[in-house]
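These protein sequences, in sequence, are chains A and B.
If you're matching positions, the first sequence starts at 1 in our numbering and goes up one per residue.
If you're matching positions, the second sequence starts at 1 in our numbering and goes up one per residue.
These are calculated hints, taken from the structure and not from any lab test.
Everything numeric in this text was worked out from a predicted model, so none of it was measured.
There could be a bad hint or two in this list.
Note that identical chains are pooled: a pair holds if it fits in a single copy or bridges any two copies.
Unchecked claim - With a straight-line Cα cutoff of 30 angstroms, these simulated DSSO-like cross-link-like pairs (lysine-lysine) come out:
#	residue 1	residue 2
1	LYS114	LYS77
2	LYS116	LYS93
3	LYS77	LYS93
4	LYS94	LYS116
5	LYS116	LYS24
6	LYS77	LYS116
7	LYS114	LYS24
8	LYS111	LYS93
9	LYS114	LYS93
10	LYS111	LYS77
11	LYS114	LYS94
12	LYS140	LYS116
Protein chains: 2
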Amino acid sequence: VKTDKPMGISACDLNIGDRASFTKTISESDVYTYAGITGDLNPAHVNEEYARATQFGGRVAHGMLSVGLISAVLGTKLPGPGTIYLGQDVAFKKPVRIGDTITAEVEVVNKIDKTKYTLVELKTICTNQTGEVVIEGIAKVIPPQ
Amino acid sequence: VKTDKPMGISACDLNIGDRASFTKTISESDVYTYAGITGDLNPAHVNEEYARATQFGGRVAHGMLSVGLISAVLGTKLPGPGTIYLGQDVAFKKPVRIGDTITAEVEVVNKIDKTKYTLVELKTICTNQTGEVVIEGIAKVIPPQ
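This is chain A alone, in the form it adopts within the complex (with noise of 0.2 angstroms):
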């Protein structure tokens, strides 16, 4: 098999209940990157000493870092590319600690049929290495067409 031009999954062979998901460990050199990247240098992030005296007591991952494994599910592997990302919900329940290996899932929890496209709302959970949920969300796409 010879993949020229990689396609996802289109909207009539996704069904409802279909899930794709991806784990990463969230190391300091990601946090410290994406606050360069971003300039979110927040010293909850960057600053150790600053961060033991919060109620998290130590630097924490950027919520955001994670919510883009999840943007990485959808586009990488369901629906995967050509997918038209449309919006994301996300709510922030549990801090991301650096060390913590998240585990992004999606699932198809609704297809709406539009005049010109098919709307398909994903649910989108990220959950660290004890199970505990850290973000839980929706997000809206347009799977290849």
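Position chain B relative to chain A; hints supplied.
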């Protein structure tokens, strides 16, 4: 003045209409590094030959990368350090291209007193160098207490 402990703006000192922003040119390096950090190697972001054949006519930045600029404003400026980021809703309105200069602006639109804290809602918008809105949404935060 010596600022030993960075501290953002408390709910009492936040007023409806307060605004802050951050502007950054999104570089190719940002996009590729973000792809590595998040695992989102969707060809729309990292494969120019593939991307040229899409409706966008070339590589686009990850939408969630620009959302990181919103997080940066919330965490470093308004309300600033000590803010608890509860959630974010975003809609992706237009693509962000490599080399685009993105301004993330946040504006306080709601203060809701709860038993133990004040929930603050901010309108969050990203515009490009021509003034087009590329992302819009709402952030929910608890300001520093």
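- Query: For the identical chains here, do LYS77 and LYS116 meet the 30 angstroms Cα criterion within one copy, between copies, both, or neither?
  - Reply: Within one copy, since 23 angstroms is at most 30 angstroms while 41 angstroms is not.
- Indicate which option fits the pair LYS116, LYS93 if close means a Cα-Cα distance not exceeding 30 angstroms: within, between, both or neither. Cα proximity of LYS116 and LYS93: across copies only (17 angstroms, versus 36 angstroms in one copy).
- Given identical chains, is LYS140 near LYS116, meaning Cα to Cα at most 30 angstroms, within a copy, between copies, both, or neither? Cα proximity of LYS140 and LYS116: one copy only (15 angstroms, versus 33 angstroms across).
- State whether the alpha carbon distance between LYS94 and LYS116 is at most 30 angstroms within one copy, between copies, both, or neither. between (39 angstroms within a copy, 18 angstroms between copies)
- Could you figure out if LYS114 and LYS24 sit no more than 30 angstroms apart (CA to CA) within one copy, between two copies, both or neither? For LYS114 and LYS24, neither the intra-copy (35 angstroms) nor the inter-copy (36 angstroms) Cα distance is at most 30 angstroms.
- Message: Please sort LYS114 with LYS93 into within, between, both or neither, judging by C-alpha distance up to 30 angstroms.
- Response: Answer is between: at 18 angstroms across copies they meet the 30 angstroms cutoff, but 33 angstroms inside does not.
- 30 angstroms Cα cut-off: does LYS116 pair with LYS24 within a copy, between copies, both or neither? neither (36 angstroms within a copy, 35 angstroms between copies)
- Intra- versus inter-copy proximity for LYS93 and LYS111 (alpha-carbon distance at most 30 angstroms): Answer is both: 27 angstroms inside a copy and 20 angstroms across each meet the 30 angstroms cutoff.
- Task: Have a look at LYS111 and LYS77 and pick one of within, between, both or neither, based on CA distance no larger than 30 angstroms.
- Result: within (17 angstroms within a copy, 39 angstroms between copies)
- Homomeric proximity label, LYS114 with LYS94: Cα distance no greater than 30 angstroms: For LYS114 and LYS94, only the inter-copy Cα distance (20 angstroms) is at most 30 angstroms; the intra-copy one is 36 angstroms.
- Quick one: LYS114 to LYS77, C-alpha cut-off 30 angstroms, is that within a copy, between copies, both, or neither? For LYS114 and LYS77, only the intra-copy Cα distance (23 angstroms) is at most 30 angstroms; the inter-copy one is 40 angstroms.
- First find the shortest C-alpha distance between LYS77 and LYS93 inside one copy, then the shortest across copies, and answer within, between, both or neither for a cut-off of 30 angstroms. Answer is both; intra-copy 25 angstroms and inter-copy 22 angstroms each pass.
In the structure shown, a violation is registered for the earlier hints numbered 5 and 7, in ascending order.
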